[in-house]
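Please work from the sequences and hints to get the whole structure.
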Amino acid sequence: MKYKIVVTTLRNENVAKSIAKNILEKKLAACVKIIPTIQSMFWWQNKIENENEVLMIFETKDFEKLKKELKKIHPYKTPQINSFDIEKANKDLLQHMAKGVEE
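FYI, in this note's numbering the residues of the sequence shown are 21 to 123.
Calculated from the structure, these hints are not laboratory results.
Keep in mind that a hint or two might mislead.
[Claimed, not checked] Label pairs and their calculated CB-CB ranges:
hint	residue 1	residue 2	range
1	112	61	33 to 41 Å
2	113	61	29 to 37 Å
3	47	106	15 to 23 Å
4	64	115	21 to 29 Å
5	88	67	28 to 36 Å
6	46	69	18 to 26 Å
7	119	70	39 to 47 Å
8	61	33	13 to 21 Å
9	53	92	28 to 36 Å
10	69	109	29 to 37 Å
11	111	65	39 to 47 Å
12	93	22	32 to 40 Å
13	96	45	18 to 26 Å
[Claimed, not checked] DSS-like mimics (lysine-lysine), calculated; alpha carbons at most 27 Å apart, straight line:
hint	residue 1	residue 2
14	67	97
15	111	41
16	47	85
17	108	119
18	41	22
19	22	119
20	67	22
21	53	91
No residue lacks a Cβ here, since even glycine has one placed at the ideal position from N, Cα and C.
Now the structure itself:
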């Protein structure tokens, strides 16, 4: 089983908290971390944008279910939803993740 770290960004901390609660209640992630202020610079519609955003970090073992739900509830038209495999981790953390995410 592959455990994942999934990240996304959005503009509003209250929306991030609402999304985190939704994801946790559906047991699609064992933990969600919200980092309230990051600076993002990116290309959008042929120009460089500079925005304050909120970074969300999810710990999960089912990327596809999490991605599907995030795409439904995410306020961005084209949300960043990136997944990274956890290659090595504290065994206790992996057990916690296994219990916190439904099969």
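Hints not upheld, ascending by number: 4, 6, 9, 12, 20
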